[in-house]
Amino acid sequence: DVVLTQTPPTLSATIGQSVSISCRSSQSLLHSNGNTYLNWLLQRPGQPPQLLIYLVSRLESGVPNRFSGSGSGTDFTLKISGVEAEDLGVYYCVQSTHAPYTFGAGTKLELK
Amino acid sequence: QVQLKESGPGLVQPSQTLSLTCTVSGFSLTSYSVHWVRQHSGKSLEWMGRMWSDGDTSYNSAFTSRLSISRDTSKSQVFLKMNSLQTEDTGTYYCARTGFAYWGQGTLVTVSS
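Line order of the protein sequences matches chains R and C.
With our numbering as the guide, the letters of the first sequence map in order to residues 2 to 113.
With our numbering as the guide, the letters of the second sequence map in order to residues 2 to 114.
Possibly wrong hints are sitting among the right ones.
Stated by the list, open to error - Here are a few chain R residues that sit away from chain C, every Cβ distance over 10 Å (derived from the structure):
(1) Q18
(2) S27
(3) N40
(4) R45
(5) P49
(6) Q51
(7) S58
(8) E61
(9) P65
(10) S73
(11) G83
(12) E87
(13) G90
(14) P101
(15) G107
Said to hold, decoys possible - As a list, the in silico DSBU-like pairs of lysine-lysine whose alpha-carbon atoms are at most 30 Å apart:
(16) K109/R x K76/C
(17) K44/C x K109/R
(18) K44/C x K80/R
(19) K82/C x K44/C
(20) K6/C x K44/C
(21) K82/C x K113/R
(22) K109/R x K80/R
(23) K80/R x K113/R
(24) K76/C x K6/C
(25) K6/C x K82/C
In short, the hints are calculated from the structure, not lab data.
Keep in mind the model is a prediction, meaning the values are calculated, not measured.
All C-beta atoms, glycine included, are put in the ideal place defined by N, C-alpha and C.
Just need the whole structure built from these sequences, with the hints factored in.
This is the structure we're talking about:
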């Protein structure tokens, strides 16, 4: 199974600070069809996950453009340019290139 | 708008079978696939399986032969059945649409006697 390693596990930030989360895969997530199925999700306390970024860098409709995704192959990054209070929660990367689909362990974003 | 809603028993006895229903609206099951995802309390997410739009299914081998996913397109419902439940199967079960773009609120299942 593909292992997604997220770092850091916990991130403390002040409002307005820019932060990045890394997601490294144990194998390339480039599908034979040319797409890379790596998404980023945010789960706020008591809520289901919410899609932020799909196909590495595409912003889901309605998601603020302070969120951005980048990367290729096995290394991916989610960046938040100017953290806001509503961004607090746990961030997960998820891959659906290789079955079984797998999730990272999560990165908890807290207020400093 | 797109909605998914899980339903099922909150409590299941060990060794029994779990049956969950995901009722969807705002899209057709013949156009989009639906995933089942589990989350243990305070832990990460675990992909269980998928009902494809063409009716095919894919499963996480971690669940070996315990898991079955089916659907009723006329009722816009996707079903999960998992047998031989153990206490470690306690958690919140979600259904989600293709690409994990839309999720249900989840249903908490507790396995206990």
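Against the structure, the hints come out as follows:
no., hint, result
1, Q18, "25 Å, holds"
2, S27, "16 Å, holds"
3, N40, "6 Å, violated"
4, R45, "12 Å, holds"
5, P49, "4 Å, violated"
6, Q51, "7 Å, violated"
7, S58, "14 Å, holds"
8, E61, "7 Å, violated"
9, P65, "17 Å, holds"
10, S73, "19 Å, holds"
11, G83, "25 Å, holds"
12, E87, "18 Å, holds"
13, G90, "13 Å, holds"
14, P101, "4 Å, violated"
15, G107, "5 Å, violated"
16, K109/R x K76/C, "38 Å, violated"
17, K44/C x K109/R, "11 Å, holds"
18, K44/C x K80/R, "23 Å, holds"
19, K82/C x K44/C, "22 Å, holds"
20, K6/C x K44/C, "22 Å, holds"
21, K82/C x K113/R, "43 Å, violated"
22, K109/R x K80/R, "14 Å, holds"
23, K80/R x K113/R, "18 Å, holds"
24, K76/C x K6/C, "13 Å, holds"
25, K6/C x K82/C, "16 Å, holds"
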